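*Asks:* Take these sequences, add in the hints, and give me the full structure.
In the order they appear, the protein sequences are chains G and D.
The opening residue of the first sequence carries number 710 in our numbering; numbering runs sequentially from there.
The opening residue of the second sequence carries number 5 in our numbering; numbering runs sequentially from there.
Think of the hints as simulated: they come from the structure by calculation, not from any bench.
Heads up, none of these hints are tricks.
With beta-carbon atoms standing in for the labels, derived distance ranges:
1) D:49 to G:773: 31 to 37 angstroms
2) G:725 to D:72: 18 to 24 angstroms
3) D:46 to G:793: 34 to 40 angstroms
4) D:7 to G:789: 43 to 49 angstroms
Computed from a predicted model, the values in this text were never measured in an experiment.
C-beta atoms are modelled at their ideal positions from N, C-alpha and C, and glycine is treated no differently.
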Amino acid sequence: MMEWRCRGGRDSDTAAALAASLFRRTKAAAYDAGLGDSSFVRLEAERGRLCAAARGDIAIVAVTRSSINLGKLRLDMLGAAELL
Amino acid sequence: MMGERARCAFAEVIGDGDQTVLLLDHRGGVRAGLYLDSNGRDVSSDIGAALAGVSMDATRAMRHLGLGEWKAIVCECAQANVAFAPADDGDGSLSPRHRQCRMGSSGVFSTWRRAGRCRGGGRSHDGGIRNNRRASRASSGRVRRDAHRTR
Numbered sequence: 710m711m712e713w714r715c716r717g718g719r720d721s722d723t724a725a726a727l728a729a730s731l732f733r734r735t736k737a738a739a740y741d742a743g744l745g746d747s748s749f750v751r752l753e754a755e756r757g758r759l760c761a762a763a764r765g766d767i768a769i770v771a772v773t774r775s776s777i778n779l780g781k782l783r784l785d786m787l788g789a790a791e792l793l
Numbered sequence: 005m006m007g008e009r010a011r012c013a014f015a016e017v018i019g020d021g022d023q024t025v026l027l028l029d030h031r032g033g034v035r036a037g038l039y040l041d042s043n044g045r046d047v048s049s050d051i052g053a054a055l056a057g058v059s060m061d062a063t064r065a066m067r068h069l070g071l072g073e074w075k076a077i078v079c080e081c082a083q084a085n086v087a088f089a090p091a092d093d094g095d096g097s098l099s100p101r102h103r104q105c106r107m108g109s110s111g112v113f114s115t116w117r118r119a120g121r122c123r124g125g126g127r128s129h130d131g132g133i134r135n136n137r138r139a140s141r142a143s144s145g146r147v148r149r150d151a152h153r154t155r
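*Replies:* This is the structure we're talking about:
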């Protein structure tokens, strides 16, 4: 984990590790399916979302509420990933 | 060994759509559906193996982050989108219960082509996208809509 900003006492190292593992497995499955490289992965849950955008070995992960503007978040994360 | 009915289980559901569906158990074993790559090779088990621990990872992540139960994982890829969702555990034959993996012990893996992609140039993934339908046509027997309940 390179940098983490969050609210409310969450263990950022563990969250980053879980998010990275999830992203890696999903990416591997998509690659095995011949669908090319993954650019954006999101996990939908009852009370929020876990989103990840990656470029190379570096990923940007966001944990959000369900009410956020997902389209804007996606564009912002993909734009930020391009800058990595 | 998966039977022909299980391989063609989703053929009628997805029709001629540019998509394919697999039903996986918590170990990544393919219970229904079929995925052929562009060379006509069945890569369903490769995909299942790659997704073997996804549901447990997702469950652990949700528990840690306090987001409740997970409902879907969607992955945007260069050629298509991929969705992975926990399946209904009501049918024990499809999803053997596992103490550490009550939720999402089986999953449905689905892909669909992104609009405007994969049409001209580059590698064609037609073989990988329309395979359920193709398998349905190739099968001699009638495909039943409830074939996914095969024991």
